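Residue numbers (this note's numbering), protein chains in the order written: chain D, -9 to 385; chain P, 74 to 171.
No wet-lab data here; the hints were simulated from the structure.
Incorrect hints may have been included.
Label-pair ranges, simulated between beta-carbon atoms [stated by the list, open to error]:
no., chain 1, residue 1, chain 2, residue 2, range
1, D, P217, P, D92, 53 to 63 Å
2, D, D259, P, E90, 55 to 65 Å
3, P, E96, D, D294, 37 to 47 Å
4, D, H281, P, E128, 24 to 34 Å
5, D, D221, P, V78, 50 to 60 Å
6, D, S19, P, E90, 16 to 26 Å
7, D, G203, P, E96, 46 to 56 Å
8, P, F132, D, S94, 29 to 39 Å
9, P, V149, D, T103, 26 to 36 Å
10, P, V149, D, E296, 26 to 36 Å
A partial selection of chain D residues facing chain P, derived with a Cβ cut-off under 10 Å [what the hints assert, rightly or not]:
no., residue
11, S19
12, A24
13, G48
14, F50
15, T63
16, G68
17, T69
18, E85
19, N87
20, S341
21, F342
22, P344
Looking from chain P toward chain D, a few residues come up when the C-beta cut is under 10 Å (computed) [stated by the list, open to error]:
no., residue
23, V101
24, L133
25, F136
Bear in mind the structure is a predicted one, so any value in this text is a computation, not a measurement.
Note that CB positions come from ideal geometry on N, CA and C, so glycine has one too.
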Amino acid sequence: MSKARVLVGTKKGAFILTADGKRQKWEVSGPYFAGWEIYHLKGSPVDPNRLYASQTSGWFGQIIQRSDDGGKTWFQPGTPPGEQATAPGGMPQGESNKFVYDSSPETGKPLTTHKWYDGSQHPWEFKRVWHLEPSLTDPNMVYAGVEDAALFVSRDGGKNWKEVAGLRGHGTGPQWQPGAGGLGLHTILLDPKNHNRMYIAISAAGAFRTDDGGKTWKPINKGLRSPYLPDQDAEIGHCVHRIALHPSRPDVVFMQKHWDVMRTDNAGDQWREVSGNLPTDFGFVIDVHAHEPETIYVVPIKSDGEHFPPEGKLRVYRSRTGGNEWEALTKGLPQQHCYVDVLRDAMAVDSFDPCGVYFGTTGGQVYASADDGDSWAPIVRDLPAVLSVEVQTVR
Amino acid sequence: MIRVVIPAHLRTLAHVEGDVTLEVASPVTVRSVLDALEARYPMLRGTIRDHVTLERRPFLRFFACEEDFSLESPDVPLPEAVVSGKEPFFIIGAIAGG
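Please take these sequences and the hints and turn them into a complete structure.
Take a look at the structure:
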């Protein structure tokens, strides 16, 4: 029987929520990695039982965890119990938590600094993995978006990580500047029709695209306007919060920017605003319906200074026209005294019909809709602050 | 045998309960203790000190015999009471809370 498996990362551990295709009765398991920040978990589209998790801590740094049984058991892929700590030559084995920036001469442009908050240059320092994006074709291949912003890839199931150095090396890296939450590479979109094409987004550098499998990259921020920049139309420096696409139409990409909801119809070469009648166009999440490429969802947040829903009413907004015309979805969501936030990686859709939509809040609720967003119910109400939500449709 | 007390989260990662005991060749220093700890429990690499620079992570401290070795050279010999196993070597996480 098909089931929905929702992977929830929180400030204090991971949780897995499962239900059958009706998505009415849920089982909750966890916390996994209790006490640690779990920035993101995601499953392989090729092998749904292969899950990757980013486990992180201000004290102990970054750990990558992997499950090969759908989340029942986990291990650090570089160092499973019993494995030798050193290779035959005496060199240390690769560990799953080793993320080292590539400053080799082969990259041509070894980078050591980026722009700091005050405009000075600051050393590039690895802090954590924000987002894990498993390959669409190979369960052992997974990308990691990290802070300070860079893209890494593992081709051996998370044991060893290598920077995709062309991104930081393409030329604008020294001008990248962190947003309030850090200089994080938070979104990775893989084009299902063109395996050489990939989009990524960085706060607060903007969106970037490769058309050659990661060797070369270019900023794709034309059409974005950001009043906090000295040049509002600058090539980079825009605080992109999230981008999303529908797999049937990967040239169309939707964006929730710091302010403004945007779309492009030509793979990012030009963006246009589609905020339309939203009560506020500030927010973090954006996602696309599984079966309707023009149906998109956002959760408006009052402002960058007040990270909660306007009027204390938690509303998902849906557009069935690819933007501009939006309707509030409120059934089952709190419509008074609600002051939670919904962070950028905390919305997902399943591929059932009708489409299921899920999002998590900083108040610890995970809401689910099994009817395209028409009505909502909390799966859980009292988790730690939710950092990420992903869903798998397991058949 | 050297006794090492590690934070609860690292015990979970290393799949151990209570103190860790290690054989450490002389001279016994912070560096040699950490080398032995990471060799025995490779999943702890990167969690106590940086992979590349081997610098102590900022929110961790090293204590032994009521002394703070955090800012000492990692090659300073540890007290005889640690070498003999009478006293443990402590890896302590910074206090944080509301």
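**OP:** Would you list, in rising numerical order, the hints stated earlier that this structure does not obey?
**Re:** Hints 3, 4, 10, 11, 15, 20, 21, 22, 23, 25 not satisfied by this model.
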